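Based on these hints, arrange chain B on the given structure of chain A.
Residue numbers (the working numbering), protein chains in the order written: chain A, 1 to 432; chain B, 1001 to 1191.
Please keep in mind that the hints were generated in silico from the structure rather than gathered at the bench. Nothing here was measured: the structure is a model prediction, and the numbers come from that model. Some hints here could point you the wrong way.
With a straight-line Cα cutoff of 25 Å, these simulated PhoX-like cross-link-like pairs (lysine-lysine) come out [as the list claims (entries may be wrong)]:
#, chain 1, residue 1, chain 2, residue 2
1, A, K63, B, K1035
2, A, K138, A, K59
3, A, K62, A, K46
4, A, K291, A, K345
5, A, K215, A, K205
6, A, K215, A, K291
7, B, K1130, A, K64
8, B, K1141, A, K138
9, A, K63, B, K1160
10, A, K118, A, K46
11, A, K64, B, K1141
12, B, K1130, A, K63
13, A, K358, A, K345
14, A, K157, A, K380
15, B, K1130, A, K118
16, A, K380, A, K291
17, A, K118, A, K62
18, A, K118, A, K63
19, A, K399, A, K345
20, B, K1072, B, K1141
21, A, K291, A, K264
22, A, K62, B, K1130
23, B, K1035, A, K64
24, A, K137, B, K1141
25, A, K401, A, K371
26, A, K118, A, K64
27, A, K380, A, K339
28, A, K63, A, K46
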Amino acid sequence: MTTLAVLENLTAKLPLGVCVLNEQLEIEYWNDFFADRLNISCDQVKGQNLLTLFPNEAKYLKKKINSVFVLNNASFSYWEHRPHVFLFSSSRPITGEETLMYQNIEFIPLHVSNNVVKTVCMIVQDVTELASYYQGKKQLSEELAQEHSALLALNTKLEAAQNQLLQADKMAAIGQLAAGVAHEINNPIGFIHSNLQSLQDYSTKLLNLISFYEKVVNKTQNKTFMALQQEMQDRSQYSFLREDMPELINESITGIDRVTDIIKNLKVFSHVDSSEWQHANIIEGIENTLKIANSQLKYNVEVHREFQQPLPALFCQPMQLNQVFLNLIVNSAQAIDGKGHIYIKVSASSTALVIEIKDTGCGISESAQRKIFEPFYTTKPVGQGTGLGLSLSYSIVQKHKGSIVVSSELDVGTTFIITLPLLTPGDLETPS
Amino acid sequence: MIYQLSELQRDALQELMNISMGQAANSLARLIGAKITLSIPLISSVTPTEFVDMISSDVMWHTRQSFLGTVKGEVVSLQSHAGCEAIAELMDYELPLSDITREELLLELSNILAGACLNGFAEQLELTTKLSMPTVFEPEKLSPEHYRWAHTLLMEVEFKVESSHFDSKIVICLEAESISTLLSRLNSLLE
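Bound-form chain A, shown alone (with noise of 0.2 Å):
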């Protein structure tokens, strides 16, 4: 075989396109890779314009070719910026997925005489694929990393769950410590208040005594007697014992009553007893809850009652209702920066009791609107809230068939509208 043979052979077999091109961007040969899929052979094709035969990518193919004759510097054209600059189909007609080639380009200055470039060559390799190779690995891993961020925000949700549920159970730990302490409290509490009483009894029987004692003594006229007895008197300051002694008896007292009425709130929510079922007056419960919250209230908020009187009375849980007129309650409060109102207003129609909870805060979002009877969704700083207040609220008024609504506007306030039907023992089917 000759060179020119062998070369001939060559090229008809070889996996790669070749097409060579003059100035005028004429093809003077191309091998079987494009005659085969073009159906033009190259005696055929010799001489006709490359740009005229491929017009879709003319604009594409004269710039890069004629950037090699200018420059006489190769030029290359990528599958990934241009997938497929000759539409031929893929090379995976019956297995692939892909309908057309993917190819890369080469445009190489080939018969080059005194630096002015004669002809180009261009040489068309078939990437179909690699192409797709590489692109179901991309796929796979912005999937990967798509599951992965997702894995990542699960995890801090988690995280962010764990946290609240811990300190849900040191809330819970808090309030049976306290139940335990009250518990506790109680009874050296009850013995001081009554022996304070019997004291206060005693007290003001000795003074009357006293004073009985000193008229006998005037009584007598006797001057040593009655120089004794002052003397007696001014040595033990008796005129202001007399003064303080009742007054520091009934502050006492005052002050147990107070220890008293924070024990029983403290027992009333400490869940004791606290799901049975009874009539009871809803104006009672919000004044106990509003006593409850008064440290966080009295600085800077002032409370309005609207409350229409006469009221039915309510068959309920009523420490489990306090326990949502608290969570509002205090919810207001804290919405409150500076100064601020919360109005409470208690109608009732011949079916149901409407208790309205009206704050001057700060509002909540619409987007955090939806989301707030959610268990421990939380807008509050970590440790402060434990995200259940709404939540267990929404699912203590579900239990009395009842209903709660927020409506709100940022910087302006947020209003909840509970709505609890009258029932009757009946209307339980299963009363917890």
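Then chain B, alone, in the frame of chain A:
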């Protein structure tokens, strides 16, 4: 192996570089029709760590392109983020650039500059070498500990397109064996 270039060799190499870089600048200027300024070519021998330090930059895009022939090595190009769009406009790309068209532009630019630099340089020293396709390169992923070479000879030059604040650096890195080939050619030229 450390290649200690003599003063004479360095000067000669610098002059050769100057000429070939001039041709490269001329090519680019012809293609985009804008004025191009050139820095004085820098010739240095660097260790892997110095190499990584030198080409690491987060305000530049990077490409690499290998060449084969009587001398072998790689051309690394650094192209500034700034001025990219202006160059794209000069080169008749559709604006705004997408990630794909930007990559295409960078590869085309680096191919033109690297080709012109290397061809001019090889021609004068009567070396034959052929560049392969350039690819995008992320030097953040480099770790100098993994390099199998201790020193390489770098020839670098900076091109600036004044009208558009575009800045590009071409670094020709020679493989160890090719350095001796280069030096012997240089010596015969100097005799």
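Checked hints:
1. Among the hinted pairs, K63 (chain A) with K1035 (chain B) is consistent with the structure: their alpha-carbon atoms are about 21 Å apart, no more than 25 Å.
2. Only pairs whose Cα atoms come within 25 Å are accepted, and K138 (chain A) paired with K59 (chain A) is rejected, the gap being roughly 30 Å.
3. Using a Cα cut-off of 25 Å, the hinted pair K62 (chain A) and K46 (chain A) holds, with the two alpha carbons roughly 18 Å apart.
4. Between the alpha carbons of K291 (chain A) and K345 (chain A) the distance comes to roughly 17 Å, so the proposed pair stays at or under 25 Å and holds.
5. Among the hinted pairs, K215 (chain A) with K205 (chain A) is consistent with the structure: their alpha-carbon atoms are about 15 Å apart, no more than 25 Å.
6. Taking the CA atoms of K215 (chain A) and K291 (chain A), the gap is about 48 Å. The hint is violated against a cut of 25 Å.
7. With a CA separation close to 18 Å, the supplied pair K1130 (chain B) and K64 (chain A) stays within the 25 Å bound.
8. Of the pairs offered as hints, the one joining K1141 (chain B) and K138 (chain A) holds, with about 18 Å between alpha carbons and a cut-off of 25 Å not exceeded.
9. Between K63 (chain A) and K1160 (chain B) the alpha-carbon distance is near 23 Å, which keeps this suggested pair within the 25 Å criterion.
10. Simply put, K118 (chain A) and K46 (chain A) have alpha-carbon atoms about 16 Å apart, close enough for the 25 Å limit, and the pair holds.
11. Restraint check for K64 (chain A) and K1141 (chain B): the C-alpha separation of about 32 Å exceeds 25 Å, so the hint is violated.
12. Note on K1130 (chain B) and K63 (chain A): the hinted pairing holds, with a Cα-Cα distance of about 22 Å set against a maximum of 25 Å.
13. About 8 Å separates the Cα atoms of K358 (chain A) and K345 (chain A), which keeps this hinted pair within 25 Å; it holds.
14. Between the alpha carbons of K157 (chain A) and K380 (chain A) the distance comes to roughly 16 Å, so the proposed pair stays at or under 25 Å and holds.
15. With a C-alpha separation of about 19 Å, the suggested pair K1130 (chain B) and K118 (chain A) falls inside the 25 Å cut-off, and the hint holds.
16. Between K380 (chain A) and K291 (chain A) the CA atoms are separated by roughly 23 Å; this keeps the pair inside 25 Å, and the hint holds.
17. Proposed proximity of K118 (chain A) and K62 (chain A) is supported: the alpha carbons are some 15 Å apart, at most 25 Å.
18. Proximity of K118 (chain A) to K63 (chain A) is assessed by CA-CA distance (about 16 Å); at most 25 Å being required, the pair is judged to hold.
19. For the proposed pair K399 (chain A) and K345 (chain A), the alpha carbon gap of about 22 Å is at most 25 Å, so the pair holds.
20. In summary, the hint linking K1072 (chain B) to K1141 (chain B) is supported, as the alpha carbons are separated by about 23 Å, within the 25 Å threshold.
21. A C-alpha spacing of about 11 Å is found between K291 (chain A) and K264 (chain A), which places the hinted pair at or below 25 Å, so the restraint holds.
22. Between the alpha carbons of K62 (chain A) and K1130 (chain B) the distance comes to roughly 23 Å, so the proposed pair stays at or under 25 Å and holds.
23. Distance check on the hinted pair: K1035 (chain B) and K64 (chain A) sit about 22 Å apart at the alpha-carbon level, within 25 Å; holds.
24. Between K137 (chain A) and K1141 (chain B) the alpha-carbon distance is near 19 Å, which keeps this suggested pair within the 25 Å criterion.
25. Annotation: proposed proximity of K401 (chain A) to K371 (chain A) holds, straight-line Cα distance about 21 Å (limit 25 Å).
26. The suggested pairing of K118 (chain A) with K64 (chain A) holds, with an alpha-carbon distance near 15 Å, which does not exceed 25 Å.
27. Under the criterion of a C-alpha separation no larger than 25 Å, the hint pairing K380 (chain A) with K339 (chain A) is consistent with the structure, at around 20 Å.
28. Of the pairs offered as hints, the one joining K63 (chain A) and K46 (chain A) holds, with about 22 Å between alpha carbons and a cut-off of 25 Å not exceeded.
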